[in-house]
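Colleague: If you want the building blocks of each chain, they are given just below.
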Amino acid sequence: MPERVIRLIAHPGGTTLRRVERDEWTLAAADAPLPEGRIIVALAVWKARRDELLARGSVGVWLAAGEEPAHLAADLASLPLVAVEFPKWADGRGYSTGVLLRTRYGFRGELRAFGDIGRDHLFNLARCGFDAFVLPPHRDPEDALAAFGDFTLRYQGSVDDPAPLFRKRATAGGLQ
Amino acid sequence: MYRYDRYDHALVAERVAQFRDQTQRFLAGKLTEDEFRPLRLRNGLYIQRQAPMLRVAIPYGLLSSTQLRMLAHIARKYDRGYGHFTTRQNLQYNWPRLEDVPDILALLAEVEMHAIQTSGNCVRNITTDHFAGVAPDEIVDTRPLAEILRQWSTFHPEFNWLPRKFKIALSGSQSDRTAVLLHDIGLQLVRDEAGETGMRVIVGGGMGRTPIIGHVIREFLPWRHMLTYVEAILRVYNRYGRRDNLWKARIKILVKSLGPAEFARQVEEEWEATRDSPSVITDEELARVAAHFEPHPYEKLPDVDGEYVQALAESRPFAKWAERNVHPHRVPGYAAVTLSLKKTGVPPGDVTAGQMDFVAKLAEQFSFGELRVSHEQNLVLADVRKRDLFALWQAAKTQGLATPNVGLLTNIVCCPGGDFCSLANAKSIPIAEAIQRRFDDLDYLHDIGELDLNISGCMNSCGHHHVGHIGVLGVDKQGAEWYQVSIGGRQGSNAALGQVIGPSFAAAEMPGVIAKLIDTYIDHRHEGEPFVDTVHRIGIAPFKARVYGEEKEAAHA
Numbered sequence: 001m002p003e004r005v006i007r008l009i010a011h012p013g014g015t016t017l018r019r020v021e022r023d024e025w026t027l028a029a030a031d032a033p034l035p036e037g038r039i040i041v042a043l044a045v046w047k048a049r050r051d052e053l054l055a056r057g058s059v060g061v062w063l064a065a066g067e068e069p070a071h072l073a074a075d076l077a078s079l080p081l082v083a084v085e086f087p088k089w090a091d092g093r094g095y096s097t098g099v100l101l102r103t104r105y106g107f108r109g110e111l112r113a114f115g116d117i118g119r120d121h122l123f124n125l126a127r128c129g130f131d132a133f134v135l136p137p138h139r140d141p142e143d144a145l146a147a148f149g150d151f152t153l154r155y156q157g158s159v160d161d162p163a164p165l166f167r168k169r170a171t172a173g174g175l176q
Numbered sequence: 001m002y003r004y005d006r007y008d009h010a011l012v013a014e015r016v017a018q019f020r021d022q023t024q025r026f027l028a029g030k031l032t033e034d035e036f037r038p039l040r041l042r043n044g045l046y047i048q049r050q051a052p053m054l055r056v057a058i059p060y061g062l063l064s065s066t067q068l069r070m071l072a073h074i075a076r077k078y079d080r081g082y083g084h085f086t087t088r089q090n091l092q093y094n095w096p097r098l099e100d101v102p103d104i105l106a107l108l109a110e111v112e113m114h115a116i117q118t119s120g121n122c123v124r125n126i127t128t129d130h131f132a133g134v135a136p137d138e139i140v141d142t143r144p145l146a147e148i149l150r151q152w153s154t155f156h157p158e159f160n161w162l163p164r165k166f167k168i169a170l171s172g173s174q175s176d177r178t179a180v181l182l183h184d185i186g187l188q189l190v191r192d193e194a195g196e197t198g199m200r201v202i203v204g205g206g207m208g209r210t211p212i213i214g215h216v217i218r219e220f221l222p223w224r225h226m227l228t229y230v231e232a233i234l235r236v237y238n239r240y241g242r243r244d245n246l247w248k249a250r251i252k253i254l255v256k257s258l259g260p261a262e263f264a265r266q267v268e269e270e271w272e273a274t275r276d277s278p279s280v281i282t283d284e285e286l287a288r289v290a291a292h293f294e295p296h297p298y299e300k301l302p303d304v305d306g307e308y309v310q311a312l313a314e315s316r317p318f319a320k321w322a323e324r325n326v327h328p329h330r331v332p333g334y335a336a337v338t339l340s341l342k343k344t345g346v347p348p349g350d351v352t353a354g355q356m357d358f359v360a361k362l363a364e365q366f367s368f369g370e371l372r373v374s375h376e377q378n379l380v381l382a383d384v385r386k387r388d389l390f391a392l393w394q395a396a397k398t399q400g401l402a403t404p405n406v407g408l409l410t411n412i413v414c415c416p417g418g419d420f421c422s423l424a425n426a427k428s429i430p431i432a433e434a435i436q437r438r439f440d441d442l443d444y445l446h447d448i449g450e451l452d453l454n455i456s457g458c459m460n461s462c463g464h465h466h467v468g469h470i471g472v473l474g475v476d477k478q479g480a481e482w483y484q485v486s487i488g489g490r491q492g493s494n495a496a497l498g499q500v501i502g503p504s505f506a507a508a509e510m511p512g513v514i515a516k517l518i519d520t521y522i523d524h525r526h527e528g529e530p531f532v533d534t535v536h537r538i539g540i541a542p543f544k545a546r547v548y549g550e551e552k553e554a555a556h557a
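Protein chains in written order, with the numbering used here: chain A, 1 to 176; chain B, 1 to 557.
Just chain A, with the same shape it has in the complex (with noise of 0.2 angstroms):
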């Protein structure tokens, strides 16, 4: 069965169309052929096959929760994908990645999430940036898209609105 990928997309209007779709993109293991077709390669491999990678297009990059996204930072212009895996659940490490491919190194592409992730996580994982999600096989994306309605206010600033509620409180309809 093909993989799912939650995606989160931006309109120019302010709101953002939350769906389900079949994941074009296929991780790629380290020590076999590289696939046909859309593919997430090893920072590693990257390393290693810059040029090649380059000049064969749609590849992107996924990062392991302790890897550097600085070592990303000269490639982010020509990624049209970075993933940033979460190895278990309570590992909070890819939430600071995101926050630095998005803020400190400016990356537009697709920021997707992967691993020991679910609808209880991509709430946080959207505020971070990511606007990509792919769960392990056991949980359904259909039930975990609820997630992104959880809360309509946010008391701090973070990717998704760098402005906190106190900036807003006056203007935003007056205090009780």
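It is possible that part of the hints are untrue.
If we take Cβ atoms under 8 angstroms as the criterion, some of the chain A residues that face chain B in the derived model are [stated by the list, open to error]:
#1 R19
#2 A30
#3 A44
#4 S58
#5 D91
#6 R93
#7 Y95
#8 R104
#9 G106
#10 D120
#11 C128
#12 F148
#13 Q156
Calculated from the model, a selection of chain A residues having no Cβ within reach of chain B, i.e. all distances over 12 angstroms [as the list claims (entries may be wrong)]:
#14 R7
#15 G13
#16 E21
#17 I39
#18 V45
#19 D75
#20 L125
Think of the hints as simulated: they come from the structure by calculation, not from any bench. All C-beta atoms, glycine included, are put in the ideal place defined by N, C-alpha and C.
Assemble the complex: chain A is given as a structure, and chain B must be docked to it using the hints.
Modeller: Frame of chain A; chain B shown alone:
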């Protein structure tokens, strides 16, 4: 105190709905036990020996009478009629049912309370001085900045899955009452020469298995940058803190392994890149929040109250109570009062629903309808007219809330221990009670003077035994419960960690061991010298000799 506006209400209501959904998914088998555990912990829900335990946040320890009445109502309806105040200014229920928790949270939300982030590997309830706003030695009232920090850390998207729990304290007075040196981050508020408010930033302190006094990584941080700087610290920690070993995952281990200077350099570098973000606190926001903590409408009173002075002279028990449980206030004619939750025979910090209702009434009658929870597990009425103290004392006595032992040996700080907590190695409450019974002579207690005795049932050190003048730690040896004793620990601005005196003891030996430590002190003390100072002056050897010399056979390796 801080009152919710519609945004705060909406956020807490959405959190209740989210947790209700998580609980339902768990009960329906859609979330596994392993997946649900960290989610419920982020709402303060543990599964304990007897039943679930729910930890309710009391931000910076401040409660209104209305809130306390709701806590009493919940204790009656969903628990067994009591609650337990903790060393981190929270309240714990020991007997709620898992399926009732969403309803309990909904009731808490009605009175602007919650259980958000009272457990789990995220930023926890923020600690402040229980005398904030009234202490004569206060430099800056920490509560407005603590509330701003609370809001910032609530559901922070980047820092919800840290390597380990994360505790922040703010202290704003000369004598520290928050253990600011023993938190993951301690922020000591100061003023610079120009009168500008800022903070000394201390990182990597903590108790637990590896107790460490924190390191100052920045001498002066302008207050506007509190959030941007804490964000930089947390980002460094979230990325580089250890995740392979639960016992080495706290920030103190990262600070220690990098060295405080290198850790500080990394934080400063991160901060340089982010310091001018919209998270810089505005004057308007500080003013908005600070308005919630404006001083109460105090009466103009003479500082010396004739009736109070007369009552002190006429009633020795009242004078004893006033000596220990009444504290100075910055406004003439007022005092702060500790209502002791350390009556012998009652687990330290436990309070019945009836007592909660009673204290709610006392607070309305005597203290502007507000009270505080201290990290020593007592309640504080912070704004009492001196002329009301006698009436307050008489009323408090009727409910067992006037034990005159604040700062004394029987004011034992104690975790729930092996009677309730599934982490504990040993029971702690019966040890506290046995010691309290041994020292039941009030005159002797007052003669012994200042003495903090702290008991933890395990390494997690919820009873803060490392900073007790006498610290007791429950340990497990081949399935039996033993108690390790340390002396010389101290909280405050010259905090120190206690030194272990030697091999541990059986439960029955503990009152005798404490008595020998006290006897040694009495033999060696200079006039007016408290126990802990004597320990620091003469070292632990004389104490050790007394305890083990006479009881070699009872001591075990």
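Colleague: Could you run down the list of hints and mark each one as holding or not?
Modeller: Evaluated hints:
1. The closest approach between the C-beta of R19(A) and any C-beta of chain B is roughly 21 angstroms, which is over the 8 angstroms cut-off, so the hint fails.
2. Evaluation of the A30(A) hint against chain B yields a violated restraint, the C-beta minimum of about 22 angstroms exceeding 8 angstroms.
3. Among the interface hints, the one on A44(A) is violated; its C-beta lies about 19 angstroms from the nearest C-beta in chain B, farther than the 8 angstroms criterion.
4. The interface hint given for S58(A) is broken, as the beta carbon of that residue sits about 30 angstroms from the closest beta carbon of chain B, more than 8 angstroms.
5. With 8 angstroms as the threshold, the beta carbon of D91(A) comes within range of chain B, its nearest partner Cβ sitting at about 6 angstroms, so the hint holds.
6. Because the closest C-beta pair between R93(A) and chain B is about 6 angstroms apart, less than 8 angstroms, the hint holds.
7. With its C-beta approaching chain B no nearer than about 5 angstroms, Y95(A) sits inside the 8 angstroms limit, and its interface hint holds.
8. Hint status for R104(A): holds, given a least beta-carbon distance of 6 angstroms to chain B, under 8 angstroms.
9. A least Cβ separation of about 12 angstroms between G106(A) and chain B goes past the 8 angstroms threshold, and the interface hint is therefore violated.
10. Given the 8 angstroms rule on beta carbons, the hint for D120(A) holds: about 6 angstroms separates it from the nearest Cβ of chain B.
11. Restraint check, C128(A) versus chain B: the minimum CB separation of about 5 angstroms is within 8 angstroms; hint holds.
12. Restraint check, F148(A) versus chain B: the minimum CB separation of about 12 angstroms is more than 8 angstroms; hint violated.
13. Among the interface hints, the one on Q156(A) holds; its C-beta lies about 5 angstroms from the nearest C-beta in chain B, closer than the 8 angstroms criterion.
14. Every CB of chain B lies more than 12 angstroms from the CB of R7(A), the least distance being 19 angstroms, so the non-interface label holds.
15. Residue placement check: G13(A) keeps its beta carbon more than 12 angstroms from all beta carbons of chain B (closest about 23 angstroms).
16. Non-interface status of E21(A) relative to chain B is upheld: no Cβ of that chain comes within 12 angstroms, the nearest being about 23 angstroms off.
17. No Cβ of chain B approaches the Cβ of I39(A) within 12 angstroms, the least distance being about 27 angstroms, so the stated non-interface status holds.
18. No Cβ of chain B approaches the Cβ of V45(A) within 12 angstroms, the least distance being about 23 angstroms, so the stated non-interface status holds.
19. Listed as a non-interface residue, D75(A) keeps its Cβ farther than 12 angstroms from every Cβ of chain B; the least gap is roughly 20 angstroms.
20. Non-interface call for L125(A) relative to chain B: violated, since the shortest CB-CB distance, roughly 8 angstroms, does not exceed 12 angstroms.
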